[in-house]
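The task is simple: from the sequences and hints, build the whole structure.
Protein chains in written order, with the working numbering: chain L, 1 to 138; chain X, 1001 to 1135.
The hints are simulated quantities; they were obtained by calculation from the structure and are not laboratory data.
With a Cα cut of at most 20 Å, we get these calculated EDC-like pairs of lysine to aspartate or glutamate:
(1) K88/L <-> E136/L
(2) K1076/X <-> E54/L
(3) K1118/X <-> E1130/X
(4) K1084/X <-> D1070/X
(5) K1076/X <-> D52/L
(6) K77/L <-> E1054/X
(7) K1118/X <-> E109/L
As a plain string of letters, each chain reads:
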Amino acid sequence: MGKKPKQVVVLPCSGIGKVYGAVARETAYELVEKMRPGLATLTCLPLLVINDPEAVALVTENPVITIDGCPKDCAKKSVEAVGGRVAKAYEAIRFYKQHKDLKPEGIAEVNETGRKLAQVAAAEIAQEVDKLAAGEGE
Amino acid sequence: MDIQVVKVGIVSCSGEEIPEGTLCRLACRQALDERPGETVTICLPLFIAGGEEERTFAQNYPTITVDGCDKMCAAKATEMLSGKPSKSLSIPEILKKHGLKPPTKLRHFGAEEDAAVKVVAEEIARAVDEVLEEA
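Listed below in C-alpha cells is the structure:
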C-alpha cells in the first residue's frame, strides 16, 4: 500500500523591505495556489513568533520548506525556534543567481519579471515538495 | 539647541496565509514610502531571528503595529519580545469603519483591493501623526 502523501508546509519570510522578500512570498503563493495546491500549504510566519498552537503543530508535524528573502533567515529560524525541523531552506536570491535574465524589481510587489522568477523558483521547489510528500528526503 | 528627530516604527503582521495579511503588508509599505523621514520598519520575525538591535526596536521607537486578523500577532509579538506598542491597528476594524469588504485574494490585487490598501495606509499615516504629536 502506498504511503499517504503528507502536507508540505511552505513558509516564506515576512519581509517588507527587500525585493527578495517579495520574491519569496510570490514563490510560496505560486506553489500553494498553482503548482501544488492541496499538497503545499502555508501558515502565517508571525503565528510562529507568538507560539500559536495550531501553527506550531503544523510545522512540527509536517515537513517544512522555508524561502527567505535575506541572509537573516527569519523563516528558517522561526521554524527552528518552535521545535520544527526545516527539511529544505532556500534563499530567494539563489534563483536570481541561477537566472540572471530574470531580475526582479519592486519591494511591495514584484514586477512581471519577478513573477516569472517566482514561477521558475516554484517549479524547482515543487520537485522538493513532491519528494517530501512521498516521504523522501526527511 | 538640539533637534531630535523622532521616527515612528511600523510593524506589519504581513500574514502570508490570509488576504488581510497581504493588504497589511502593502498598506504598511505604502505608509513607509510616503513618510520616509518619519517612519521606520522591522520585519516581525526579526524579534526572534535577529539580534539585540532588533529586539530593542520598540524601546528605540514609538511603535504602531498593524494586524490582519484578531490573533493580533504583530501587537502581541512586539509587546512580548520588544516593547509595548504606542498604537495597535487592526485591518478588519479599519475596513469595517470605512464600509469596505475584506479582500479575497492573497496576491495580485486589483482596483478594489488597492482602494482598501490606500484607506489603510491613510489610517496608518494618521496614527503616525498622532504618535509624533505625543512624542
